[in-house]
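Could you slot chain B onto chain A? The hints should help.
2 protein chains.
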Amino acid sequence: MISEKMKQLVANSSAIRAMFEEGNRLAKEVGPENVYNFSLGNPNVPASESVKKAIIDIVNEEDSNILHGYMNNNGFEGVRQTVADNLNRRFGTSFGISNIIMTVGAAGGLNMIFKALLNPGEKVLTFSPHFGEYSNYASNVGAILEAVPANTIDFQPNIAEFEAMIKPDTRAVIINNPNNPTGVVYSEATIKSIAEILERKSAEYGNPIYLISDEPYRELAYDGVDVPYLTKYYKNTIVGYSWSKSLSLPGERIGYLVIPSEIDDYQNVFDAATTAGRILGFVNAPSLMQKVAARCIDENADVEYYNENRKILYGKLIEYGYECVKPQGAFYLFVKSPIADEREFCKAAKNHNILIVPGRNFGCEGYVRIAYCVSRDTILKSLPEFKKLIEEYK
Amino acid sequence: MISEKMKQLVANSSAIRAMFEEGNRLAKEVGPENVYNFSLGNPNVPASESVKKAIIDIVNEEDSNILHGYMNNNGFEGVRQTVADNLNRRFGTSFGISNIIMTVGAAGGLNMIFKALLNPGEKVLTFSPHFGEYSNYASNVGAILEAVPANTIDFQPNIAEFEAMIKPDTRAVIINNPNNPTGVVYSEATIKSIAEILERKSAEYGNPIYLISDEPYRELAYDGVDVPYLTKYYKNTIVGYSWSKSLSLPGERIGYLVIPSEIDDYQNVFDAATTAGRILGFVNAPSLMQKVAARCIDENADVEYYNENRKILYGKLIEYGYECVKPQGAFYLFVKSPIADEREFCKAAKNHNILIVPGRNFGCEGYVRIAYCVSRDTILKSLPEFKKLIEEYK
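These protein sequence lines map, in sequence, to chains A and B. 599 is the number that the working numbering gives to position 289 of the first sequence; each next residue is one higher, with no gaps. 398 is the number that the working numbering gives to position 88 of the second sequence; each next residue is one higher, with no gaps.
In isolation and in its complexed conformation, chain A is listed as follows (with noise of 0.2 Å):
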């Protein structure tokens, strides 16, 4: 009786939040401090004291009908602002309000841009390892994703074959930076290849070529690492952004677009972008939210914590044999299976309570995503099943 994308939907339906409640029917058999659960980016570090006061400061300073009633669309202009100004002081961009569209987290935003740009049967590209829901998204307003396959030397975007998968009806480009699942960031020369071919194909298909970053892990980089900001390179790009990972807010739902005033047809795709949030359902991103993430907008999560976590799990994988390219952001490592169907060895992780999730469900099979946003007793009290787990296949 349901609609029939549906039925193939719901039997695929995201391994990822399956293998997350395998984690907590395991967790009630063996108790949860036996239980290694990898499998969701969900923050194991707390959201900030300051997110805390921010909420009973609000609630107890503002006017009710105003903090929790309809705003624009939008969001609250205030807000708008205040997420404009730090994006401009830290990097060099000149936002206002009409750059800014408050969202239902990172997922209501590129949900609202597809609409808004996109025609049934156009294109969207991405690269191969890539977040498994974009592929929905596409799909929600009859697009299509089409990913470029992984480059699994350094899982830096594939340039030549990217160009190459370009066509006429390609609308969209939508990159992961730091990406999740592999946790590599894109440098800043493949950003610019990106941007080069983006402008070079944009003009010769006389149509422009929307770029959408979508960066929820834009704070969590390590070793000092760059991620550059995309409006810089090249001028259609648009923003998907959520405080998610950065505030430990992933239940909340709250994030924004930016959509520069230099895009083409600008006007428009605000317009189109607004208008999308509100037939879509998302109405207006949830309204006390939309303050609190506006009064800690210079706040941070504990990205250290991560950071000794990463340090810790990579470097005891590598001694025992794993092999996996060191990630420089996010909270993933994406380890390669010692076996060609990673599957199975996913199966054979969870004889040791360790739930990890296929490669396949980031367009990229033979490779495995280790979620490590855990606490660190998970992660020192998993090491030795992760030892023992990869002398299996030696």
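Just to be clear, a hint being listed does not mean it is correct.
Intra- or inter-copy, both count: the list cannot distinguish identical chains.
Unchecked claim - Think about it this way: if two alpha-carbon atoms lie no more than 25 Å apart in a straight line, the pair counts; the simulated DMTMM-like pairs of lysine to aspartate or glutamate are:
(1) 433 / 314
(2) 338 / 387
(3) 691 / 702
(4) 362 / 373
The set of hints was computed from the structure by calculation and includes no laboratory data.
Chain B in isolation, oriented as in the chain A frame:
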């Protein structure tokens, strides 16, 4: 550069929202106290003190990783149990957590259930006048909204025409009770007729026709009128709810879907709605507000305030010579325009600084909607202007 579909949508973008913005512009021009903005269903009654207390208590008491973290996409189990218990107490139902999905407002829930049920090209029936966004929600999944013409005698649904319009590709019917824009509460007799026809037609076509009941105004009912709980009248009923009006939290985007175990293909529909929430980019209902709604489950907005507004405005408009069915729910009056083209009448009203919305936005020309969820002062000060306005047509 935007999608073809969005071009028209942006052009026709919600007249209600446009009017609301116009009101803000006008307020800057002549002072907010001199603008009578009846355009938007933005509650004027503030959220109760218990909402504020709940927010503060929850952030003080709960673990921030759980409070602000991901949970099952359906929502927190404890919250869903509280919602089910509340419904069971009030309506003698027997729902459990597996019948409740927390949603990003009612709008989010409706988009999820449309996505779950509807194939492209299939039909959803509703009754005019109706909430204008229903046609967009249907269109989002490629389905088509058809509206049974209004019965302008008493704005109860036109049952004979309804039956004639049900076809083999009618997959769902959506109703809004109490009704936006008329304020009319569909009677038990109406509901029984709808149920009987849907039973018969489902049997005739060998496919269930789901009844979706959109109920954000359930708690706003006056004169002791009974608002029937539809799952008790028709087994294939799905309910969408929002706390936007009952707790005055429209900006927070918090609501739920009820998917009873008794409906045909229950498990698939429930799973499809859950998956739809994820892939549409809602992911989950805002987490803090889920818990706030649960703590305030027995709270209600100050219905008497709206009731008093209703009595004053309805009484005076009738006295001045307006024609209007007396509403028993929600916070709207649906008034007959004294001239055929109600858009002209709305323009004339604007000359009196009165902002009201043309009925064609609800599929019913020749009428206007007045949202009386405004301050008493606005009601009282607008009365002489309403009087002058109608006298222009005598």
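Hints that the structure is at odds with (numbers, increasing): none
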